[in-house]
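Start from the sequences and build out the full structure, keeping to the hints where you can.
Number of protein chains: 2
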Amino acid sequence: MQRQVSSPDVSGLDPLELARLDRYWRAANYLSVGQIYLLDNPLLREPLKAEHVKPRLLGHWGTTPGLNFIYAHLNRIIRARDINMIYVCGPGHGGPGIVANTYLEGSYSAIYPEIAEDVDGMRRLFRQFSFPGGIPSHVAPETPGSIHEGGELGYALVHAYGAAFDNPDLVVACVVGDGEAETGPLAASWHSNKFLNPARDGAVLPILHLNGYKIANPTLLARMPDEDLDHLFRGYGHEPFFVEGHEPEDMHRQMAATLEQVFDRIRSIQQAARDGTAANDCPRWPMIVLRSPKGWTGPKEVDGKKVEDFWRAHQVPVANCRQDPAHRKILEDWMRSYDPEDLFDADGRLREELRELAPEGPRRMGANPHGNGGLLRKDLLVPAIADYAVPVTERGALIVQTTDVLGQYLRDVLTLNDENANFRIFGPDETESNRLGAVFQVTDRVWMERIEPYDVHLSRDGRVMEVLSEHLCQGWLEGYLLTGRHGFFSCYEAFIHIVDSMFNQHAKWLKVSSKLEWRKPVSSLNYLLTSHVWRQDHNGFSHQDPGFVDLVANKTADVVRIYFPPDANTLLWVGDHCLRTWNRVNVIVAGKQPEPQWLTIEEAAAHCEAGAGIWEWAGNEDGAIQPDVVMACAGDVPTLETLAAVMLLRAAVPEMKIRVVNVVDLMVLQSREHHPHGLADTEFDDLFTKAQPVIFAYHGYPYLIHRMTYKRTNHRNIHVRGFVEEGTTTTPFDMTVLNKLDRYHLAMAAIESVPGLKEKADDAIAALKAKLEEHDRYVREHGEDMPEIQYWKWKP
Amino acid sequence: MQRQVSSPDVSGLDPLELARLDRYWRAANYLSVGQIYLLDNPLLREPLKAEHVKPRLLGHWGTTPGLNFIYAHLNRIIRARDINMIYVCGPGHGGPGIVANTYLEGSYSAIYPEIAEDVDGMRRLFRQFSFPGGIPSHVAPETPGSIHEGGELGYALVHAYGAAFDNPDLVVACVVGDGEAETGPLAASWHSNKFLNPARDGAVLPILHLNGYKIANPTLLARMPDEDLDHLFRGYGHEPFFVEGHEPEDMHRQMAATLEQVFDRIRSIQQAARDGTAANDCPRWPMIVLRSPKGWTGPKEVDGKKVEDFWRAHQVPVANCRQDPAHRKILEDWMRSYDPEDLFDADGRLREELRELAPEGPRRMGANPHGNGGLLRKDLLVPAIADYAVPVTERGALIVQTTDVLGQYLRDVLTLNDENANFRIFGPDETESNRLGAVFQVTDRVWMERIEPYDVHLSRDGRVMEVLSEHLCQGWLEGYLLTGRHGFFSCYEAFIHIVDSMFNQHAKWLKVSSKLEWRKPVSSLNYLLTSHVWRQDHNGFSHQDPGFVDLVANKTADVVRIYFPPDANTLLWVGDHCLRTWNRVNVIVAGKQPEPQWLTIEEAAAHCEAGAGIWEWAGNEDGAIQPDVVMACAGDVPTLETLAAVMLLRAAVPEMKIRVVNVVDLMVLQSREHHPHGLADTEFDDLFTKAQPVIFAYHGYPYLIHRMTYKRTNHRNIHVRGFVEEGTTTTPFDMTVLNKLDRYHLAMAAIESVPGLKEKADDAIAALKAKLEEHDRYVREHGEDMPEIQYWKWKP
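As they're listed, the protein sequences go chains R and C.
The first sequence begins at 1 in our numbering and counts up by one.
The second sequence begins at 1 in our numbering and counts up by one.
The hints are simulated quantities; they were obtained by calculation from the structure and are not laboratory data.
Worth double-checking, as some hints may not be accurate.
For identical chains, the list gives no copy identity; a pair is met inside one copy or between any two copies.
Straight line, CA to CA, 25 Å or less: simulated DMTMM-like cross-link-like pairs of lysine to aspartate or glutamate [said to hold, decoys possible]:
1) Lys771 to Glu301
2) Lys305 to Asp404
3) Lys194 to Glu227
4) Lys378 to Glu788
5) Lys769 to Asp250
6) Lys795 to Asp120
7) Lys306 to Glu244
8) Lys711 to Glu683
9) Lys740 to Glu673
10) Lys515 to Glu773
11) Lys515 to Glu726
12) Lys657 to Glu394
13) Lys711 to Glu673
14) Lys690 to Glu239
15) Lys760 to Asp342
16) Lys711 to Asp686
17) Lys49 to Glu781
18) Lys711 to Asp681
19) Lys194 to Asp228
20) Lys306 to Glu249
21) Lys520 to Asp228
22) Lys711 to Asp685
23) Lys711 to Glu17
24) Lys520 to Asp166
None of these values were measured; they are calculated from a predicted model.
What follows is the structure, given as structure tokens:
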């Protein structure tokens, strides 16, 4: 197997152009070093003194010259072919490089006029980096043109693919660091090419940057035999091109020639797909393996230790430059090696002949609107939810698969936005299993590999994306949203934890970017968590974990919302609402199993808008100044069990006055100072009373309710039942019994919470205990729930 | 490139033996179907009636016949070569298959005598599966021989490698489903071969099982061109062998011959490494690609729809068999196709000539002690922590990198256990960066790829495992612990969220297995979370998230512990304690930056054993019946800021009586009913008072303290300061200011919390506010903290 290296034929590449390109690269490198080190004297027009150097040297040099090299060459090909391209920078800690390049091309100063293209602007550019009140060290929301943070590694390539879907004219260049390439999410991301349709989607150009080292170690991929590297990327379905070396002139030639070849390939793949001449298989997209030294062009040695082309170049290659004159001399020599006088004019502006190397206007990668997707975002077209409403004439009489109703709505969302091609549904192989199958009436799963005649709902043009990797689903969706589109992710509740950290990073991105005036809002990231903890009949304990929302609730209030719609009409309202919001993460938890229906669509709308409310039809307060007990519930199964408990109580202890409160929008529980949806204390007291016992049946871990309500007047009387980590493969009702969230335990808790009642209700308690025992015997004998549970109806 | 298919030379393979092996496989398939479907009539000695069929049909058939096929062939090679082997079943939902095989070989009945090897035992075996009070549908702790749950997919291969490290005589067969193979963690896991030393470690035999389909979709790998598959696994460094087909006789021949070849390869790799004749590079380990139909030998069609070799075979291929006689007929025909009379004798016991095909005693994969690692576990040898204690003669005078001290202790743990070869340290490239570098005085990082002369601390025999994948670190460690060894995982605090879901699954495993008498305790999984939220000078917001412990606190109390040692001696005590525990997950959060030292080693031991305590030397209660305020703290930075606040308060408001409480073991805060470490209410009140204000400076999200203390008498007066999601790249002290956890805010909060004091302390408040403004000006001007902050000393 011969590796593909760049063609020796470099005819057509102008040596003068490449020499100018080298100067441009040096300018970017100079500005990168300046950001890490300098407070002042930005152009070194005087000798470098201690006070010119930052007291705290922070940043990552190692990856930066490689990132700059790539940026300069992508600029060249953009100009040569008028390409619409964005740059996803996997090694996000190479922030100084991307900032430097956007500054050179002018897109930085356009957004941040105080960082002007002159000496003073350059001084500010240097000073602000990793400085209090300045900019972060990583590529971040503050960085023009970026849709990718790069702080937590692993997601560059999925973000790139997400950006490319439904953007047929876009090329997403994606630099993958060889550190990042060791992560799981990145290792799986290479298979994303099997979901990219060259006829309707853009192209992704992965550039694996092998600079050989992490913080203190070589990288696995850089030390693999070349033959294995070639095998690996062919195995992933790519055609790898290798650019390798350290001598700049040769490397410029190789890179320029390789990019020409690669863009020829991309064009021919796209043309064949678009004019219908393509073979009916997954095209073999090109990718580049760039092997260049870590800390390239930086100090070769410091204090007798190898730095360039080694892990010591990872962060700040020469430390302590403010205090140590010898180190400062290394720094000064290093910076002067780029010859700043040759690069910048008297005003400190990039010289004219170098300015010409950058693309213009929105072709600059820092100004491409796809890097600020809110600019391109079109509102999602949605149908009226009333058209999908289930009829509720008698409470609880109708049994419906709640998510199936939402599926019908989503089907029509797909149809309405078909022309805009800006809505996709994501999930790990579970769209059908999660009862959203109605969408397959109008679309398919996207599938670029072989399709067999007996396959069902697979096509090249499907708008449902399924892969058994929550990481890929999440990452594609993030990339899709951040470039101005809309999406919906349905997932097993327990396994959404797989992307906890990706959610964290996305929430952080939203928090920061929503404070940047120039970043326009992007659509919210919407999760439907179904196949939830209470209905894992096929699976058991490993599939039971409702804790994702606990993590979500830690994030900035502006950004997160959590909904527990108890039936189909509330789910419709919530789903529709979430799809029309922006700059948020919305989590909807709703089961997919057949469930009784409680509210008409009008009632559902009013209830969901309030976020929580008294279900008067369920309780029996009728005029009591205070109920004896509040039976509160959040979640479909807890709502069902609460209503069943209320029915038992109303029959057994009719003198007990019960209020039923249902909570859809969990954030109403928090105090208003903590969350904009939080109820005012008086409103909260109106629902939950100031001193009456509250039996709160909650879908997840009980602690979340406690931490949200700890400041409320009546907190001391709130008794929460929820999932307490008791689970196995058993019947649905037995799951609630194991966790004491079932109707019998709830009813007992209600009786016991009312002072003076327990003694009078001994018989009722005994009857409830007997029921629990009967249940236990029955399920262990029959393997299913008692008929009175299976066919229970609300009849108070 | 020619794919490697099994040698046509099957000489040496006895056709009669293969025919018996086929019968054994049929027996396993029969028992698997029986578990999914039958309540009674286990041997079909009467016609199948409705009441013999379970009312709820739960389970996964699709993967099962393939798992059974592999198990039978591994049995054959174990017997032929006396191999010490365990079976890691990635498609864990193929539980019925592994249960069936362990039942056939007798290891199941040995553990569960009520599931005897007779007709009645078989009836119970069938009935218990996915049945209330029975066993879960997945391979789980209840399954003999398993160290792997398989509910959440992605971790089979890392678990297998973890089991193989330091077990030179062990072969870990690892079945990877083609669904699982799409996940990120699994995709990265293939690189684990680059960490396996054939001289000192065992072998892993990955068997990629391509049955083609997930729940409702083809799989990516099964539809890849054969050539790409071959490339991919060569790229991963393997030598792939293909076994493909559906005709049993041919498949048996192929599989048997392939296993012979594969085990020849394994033997020659190990021999060469062990006798010193190996080339000095990463060996190319064999792996098997087994392509067989999903639901192999099951119904080909049901209701006119394709089932076998399609995704409809994934779970229960023919539904509703209790109610639908036609479906029941399909089931009965299917089960009878295995010819149970040919397989089981009159007593319902596997026929003698088939029993001989199973290995004996501990060679049975269900009885191999490596599958129940607690049996093999030797106590970790640890040195006396006093030998590493830092001297504390003056509170806070000594400045030490706390984790560096722990590193010295860990170094000697490595030395003490070198001979037992049962302790490793794991982390994503951060052992040195996390200041545990002392371990490199006695060991290296394990590295099987090329080593250059200038590389530092890399060797084939290192006991530190670094890879830039938290998934791999976690998975290897889990596999290592579950096979009876010890380990330590140090990680960036924010990025431990990457393995949230793996932690969840491991905690669930521990919870269940600790209730199974026959499963012996395994060592705890110990995390050191350093590079924490308060010290991300190089990184910023993306690296700031202290929420992992919130997730941990959701898990069963028996299993989890969370520690915040405030200095080196407390860290030593906690680290040593955690390493000596079992069946737990211990989370230690401690910074790596230079910090003042507070407690002598004796004080540290007493303080840590109590979990929390009053630091009398820091407060000024001296005889006050109740302090005016309790200044509580948990975490190194909060402790420092609290003490600094106390110093300010004692100077500015000397009449104010302050108590300082430090919390090391966070679980003491919970009530005793929630956690065994929880303080009794009277003990809690003794520390935190019943009614005085408490200013609690906490390392993480404040809500965790609220949810843990909500039942405490004084909860209403506990005011928590912590990380409120305000972060960026700035100075360490500015980070605390952004989140109002700094000394000035804490001191103001303390003054304002004491009734009647605020008015008298106007000047003090004004001075504190002025200090905050001074700080703000200073950092924005100088880029570092004020000298009085940087060089602050405790001098009350």
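Worksheet item: Failing hints, ascending?
Response: Numbers 1, 4, 5, 6, 14, 15, 21, 23, in rising order.
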